[in-house]
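Visitor: Sequence:
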Amino acid sequence: RRESTASSTLHSRSPSAQHHLAKSTMFRLATTTARGLAVPKAFAPSMVARTMGTHPDAGVAPELLEKLGEMSTQALVDALWVMGYPQCQIEGARPLAPGMKCVGNAVTVRFLPFRQDLMADKPAGEASPEYVAFEKCGPNEVLVMASTGPWESVGGDIKFLRLMQRNIAGLVTDGSVRDTDELIGYGFPVFSFSTTAKQGPAVMVPWEEGGVIECGGVTVRPGDAILADQDGAVVCPGSLVEEVIKSAHEREE
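Following my numbering from start to finish, the sequence shown increments by one per residue and tops out at 255.
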């Protein structure tokens, strides 16, 4: 009976009164949500913050990566441009040594500026996000690390020894790396803004792995294809790789 009464009361009111009542109800629900309390399922989709998908692709198949690796970054950029992706090159990422080239699925890590309380809030016994990311890397993966600045160190020989052991396809960052000779000796391609002798931990901390990041002015999603050579590093949406390869071949013909 209460539901019937409430319903008849609402419908008997003027349109402006109905609008005001609905608006007030939505405000109360939004306030309740902000306080972390339960929200009826019927309202939840419109009340909670929405996050766009971070991992639309499981990754590009090895055979497609192999074909993509036969392309140059220039050919990839040209194909993506025609398809409506003009912003695809990670600005500043350059090979650590001549002749380096890599192709693989993106595994992402994002750094934040150092703050003492960030370290204090880290759960005891939980691995750093970057080391979690390392274990996702292998011959078909490229680790993409978003630095807080071009001159900040994302790592050096001790940290990246694990990447050599994982036989990673490559490392790309818009920051810098240290221990240049040792990294070159590890044998996997490294693309960075520059090199540095500085340490990174006092300046920035690895905050997240496996999320969408901005690296060198470009959006990188986990599972995107990364192609890097002497002219830089380029990001290709994983779902477009097959179409890009076809488009590039047609342009060459």
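Hints in this document: simulated from the structure, not taken from any laboratory. Quick reminder that beta carbons are idealized off the backbone N, C-alpha and C, glycines included. Incorrect hints may appear among the rest.
Listed next, the in silico DSS-like pairs over lysine-lysine satisfying Cα-Cα at most 25 Å (straight line) [stated by the list, open to error]: (1) LYS138 to LYS103; (2) LYS161 to LYS138; (3) LYS161 to LYS200; (4) LYS124 to LYS138; (5) LYS248 to LYS103; (6) LYS69 to LYS124; (7) LYS161 to LYS69; (8) LYS124 to LYS248; (9) LYS161 to LYS124; (10) LYS103 to LYS69; (11) LYS248 to LYS69.
Simulated restraints on C-beta separations [unchecked claim]: (12) ASP119 to ALA99: 35 to 45 Å; (13) ASP233 to MET121: 37 to 47 Å; (14) ASP119 to GLU65: 15 to 25 Å; (15) ARG253 to GLU128: 15 to 25 Å.
Visitor: It remains to establish, for every hint, whether it holds in the given structure.
Guide: Each hint tested on the structure:
no. : hint                         : verdict
1   : LYS138 to LYS103             : holds (20 Å)
2   : LYS161 to LYS138             : holds (15 Å)
3   : LYS161 to LYS200             : holds (14 Å)
4   : LYS124 to LYS138             : holds (21 Å)
5   : LYS248 to LYS103             : holds (21 Å)
6   : LYS69 to LYS124              : violated (41 Å)
7   : LYS161 to LYS69              : violated (31 Å)
8   : LYS124 to LYS248             : violated (46 Å)
9   : LYS161 to LYS124             : holds (19 Å)
10  : LYS103 to LYS69              : holds (14 Å)
11  : LYS248 to LYS69              : holds (10 Å)
12  : ASP119 to ALA99: 35 to 45 Å  : holds (39 Å)
13  : ASP233 to MET121: 37 to 47 Å : holds (38 Å)
14  : ASP119 to GLU65: 15 to 25 Å  : violated (47 Å)
15  : ARG253 to GLU128: 15 to 25 Å : violated (48 Å)
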